[in-house]
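S.K.: Based on the provided sequences and hints, a complete structural model is requested.
These are the residues of each chain, in order.
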Amino acid sequence: MRTGRTVTALAAVGLLALTGCGDGGTNAGGSGPGGIKPPSVPKLSSLGAGEGQVNIVAWAGYVEDGSTDPKVDWVTDFEKQTGCQVNVKVAGTSDEMVTLMKTGEYDVVSASGDASLRLIYGGDVAPVNTDLITNYKDVFDGLKLKQWNSVDGVAYGIPHGRGANLLMYRTDVVKPAPTSWGAVFDANSPYKGKITAYDSPIYLADAALYLMKHQRDLGIKNPYALDDKQFAAAVDLLKKQNETIGEYWSDYTKEVQAFKTGNSVLGTTWQVIANLAQADKAPVEAILPEEGATGWSDTWMVSAKSKHPNCAYRWMDHIISPKANAAVAEWFGEAPANRLACAQTADKNHCATFHAEDEAYFEKVWFWSTPVAQCLDGRKDVICKDYAAWTQAWTTVKG
Amino acid sequence: MATPTLDRSAGAAPAEDPARGPVRRLSAWLHRHAGVRLAALLAAPLFWLVVAYLGALAVLFVSALWTVNGFTGEVVRQPTLTNFRTIATDEVYRTVALRSVGTAAAVTVLDALVALPMAFYMAKVARPRYRRWLVVAILTPLWASYLVKAYAWRVLLANGGPVDWLLGGPGSGPGYGLTATVLVLAYLWLPYMILPIYAGLERLPDSLLEASADLGARAGRTFRKVVLPVIVPSVIAGSIFTFSLSLGDYITVQIVGGKTQLIGNLVYANIGAANNLPFAAALATIPVLIMVGYLVAVRRSGALEEL
Amino acid sequence: MTLSRSARWLLRGAMALGLAFIYLPLAVVLINSFNADRTFAWPPAHWTMQWWARAGDNAGAREALWMSVKAGLGATAIALLLGSLVAFAVQRYRFFGRGAVSLLVVLPIALPGIVTGIALDTAFRSVLAPLGIGKGLFSVIVGHATFCVVVVYNNVLARLRRSGGNLQEASADLGADGWQTFRYVTFPVLRSALLAGALLAFGLSFDEIIVTTFTAGPGVQTLPIWIFSNLFRPNQAPVINVVAAVLIVASVVPIYLAQRISDTATGGRL
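Protein sequence lines, in the order shown, are assigned to chains A, B and C. Counting in numbering that gives the first Met the number 0, the first sequence runs from 0 upward without gaps. Counting in numbering that gives the first Met the number 0, the second sequence runs from 0 upward without gaps. Counting in numbering that gives the first Met the number 0, the third sequence runs from 0 upward without gaps.
Hint data in this document are derived by calculation from the structure and do not stem from the laboratory. Some hints could be false.
Lysine-lysine pairs mimicking DSSO-like chemistry, simulated, CA-CA at most 30 Å apart [claimed, not checked]:
hint	chain 1	residue 1	chain 2	residue 2
1	A	K347	A	K70
2	A	K88	C	K69
3	A	K42	A	K191
4	A	K101	C	K69
5	A	K88	A	K101
6	A	K143	A	K174
7	A	K70	C	K69
8	A	K143	A	K280
9	A	K239	A	K191
With the C-beta cut set under 10 Å, the calculated list includes, among others, these residues of chain B facing chain A [to be verified]:
hint	residue
10	V67
11	Y92
12	T94
13	V113
14	N158
15	P169
16	G174
17	Y175
18	D205
19	V255
20	G256
21	G257
22	Q260
23	N269
In this text, a Cβ means the ideal position worked out from N, Cα and C, and glycines have one as well.
M.R.: Here it is, written out as structure tokens:
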């Protein structure tokens, strides 16, 4: 079982631009995998009066009304201002999100990359009229009209936030400081037994990313699009790595604690984990290695069958408004999507810490995407390994 | 049957008179039709257990014969043995299955060894007025969340944590791994082993033990000849809990298991993350077959009634 | 049983060690609820009361607790009904498949939770979803009741066996109808067994997490699920220790009362 946060990250497997997310362009063009077109669903043309309520499907921590912590609340004000009462369903997995959205009872969903395209092609979500979202203009360009939230230049969602999977190490133990992912893939590492890795099949992409830069003859163009040979090479690398692993981590409490006690001294992490460990006086440092890294990003989408579209639009506008976006980004530990949010964070360094405004930084990040049989890098002559195959391979890696 | 005398004699009963006539006739009719009474008793529970539960299991295992289409993610409802072939031929599944069974067995043995003297003390040595408190002491931890207890063990077993410190410095404890998993699972399920053994021993009359002693048997012999036969079903009953709870666990092993994975993790990974229900179902048949085999084997011992 | 002095001391020692083994980690939970470190660094360097204060005004925890109580009561009620019915049938009648029934009742708790969980989940999805019924508290209760039936069944069956059918026959001979016999004879005999079964069933349901994970509707958060999701929010993890500490202390009361009632019931009436 995973937690909301972990699930979010794990399942925030954002479908990646065919040409790679690092291209910085607005849209790679072309339709979805296999050239399929999404069903035609009209978008809301103008904003009317609110319907009195809005039903939201979200990850834990995205819709906080003060019930977890009275100080963490960006729902109550919204309800007062718009008269839209918020009913939230916290979903545990992307599959559950898709199932819930198919019922048509919900208006908005905080879809992760792997759910977003399924929802778009299933006709369950409508294109978003971004003109009606007043805060949309302030969203970072690096998040707009990407392959996981748009099709053919049509926006299907409002970006929420993003983060990268970094390399963390204990500064007092790991010397010299690592600069490459090679540190965690070295079979003869001096830190054998104290290396940690993310416990999910999606971690195969980290190995693929490393091979992409260091074993060019494999011809990996996209770490989420692996044919048989490339896949076997990545699995092999991870099997060798397994010998040096102390434990795999899947939630933050576990990893912070492992780094503090020294059970782990080197491995993948999220920025928020590194910050927490440092705040608790653990001698750790987190870097974006020279090869770049994998990462994740979520999107707010509106149901095609929404009964409360006006409240839904108001919610999407609210959650990326500078103040709410800042609050959720800080509570959750991610880079906000709204550039103005950076002025609203309680911790003035939040955006700098999470590299929110650093497009060059995120250009090196390959956002998580669900591997499917149609190769995401555009190859038509081979069949790529799908996520079920990744899962089974992950089993053999862990042994 | 319905004699007016009784109506008066039951006058102390709360007034139920309006319903008396039909109730009486119904109960008389039921009395004559044992089959109907039996059907009335069993209808609801059997509907629940057979239709809802066994039905659900059946659907699950039929789906083990299906596959998932890699392009669309849709389930392909065409019977094939592919999933089972993968499990049978891929060495990793055998390794993990054996590791899981070994873990469950180790947990069970460990729990039985710890529980036996404790249950014996509670039932036969402790003074009766302390017994109640001892039972409360054993039951109470069941209310502390399983997760919280597992995390407490993560703290205890950490590098340089209390267990390391007890055993003489950082690194001397078991650390995180399979050993830690067995230890923590044994900890979590211990009350489930103590309680049935305690209940079994409590039912054993002290006079029987005294008789054995009077007939000249020493404590050891009394234990072997009198106590043991009584508690074997209880131990088996406890083992059903400890064995099956360990066999299906996938959370504890994530918390203290280091890089270890058990069969529960595989099932969970396939259904939770990969949306591959057919393969998860195929994997789930392994613990089910093991448990059903175990239950059938121990049924004759009377253990199923000691739970 | 006549035990030598040393055997008694050995047993007493084993009991003490066993209790220490059981309570040591719980002590860690309690200590960590005052630990200022957010991820339970050991030994605690600084102490704080803030987790207790924050747990005090945590509405999510209270809602989850209430949800768990509702799920537990619902599951217990169903288990009491179904478990007693099966126990009566098995005790009073000889019928084809009687042996299989006891196996069937045990099965839901003997099979690993994840199997029960995904089986019920699949069934809910394929049967209820087309009818427009989503998973919710209802599905959690169904899931919990399924594996709780056995504890009621075993308690009631054991009591029925011990009490035999003589009292019921005597009652019938004196002219009582079925309902009266049940109300004035059978039920009083069974009361403490039902109570013991109910307590166990409620306890099983209250700390269940695996079946709950698979059967809970998305808005349904029982206490274990709440704990699970909060354990992984770093600022929340210590609050969990407070909740657990409170639960441990609070649970002594119902368990003790139930013990007391069941003791006097067995001692006084049978």
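S.K.: Please flag the earlier hints that this structure goes against, numbers listed from lowest up.
M.R.: Structure breaks hints 3, 6, 8, 13, 18.
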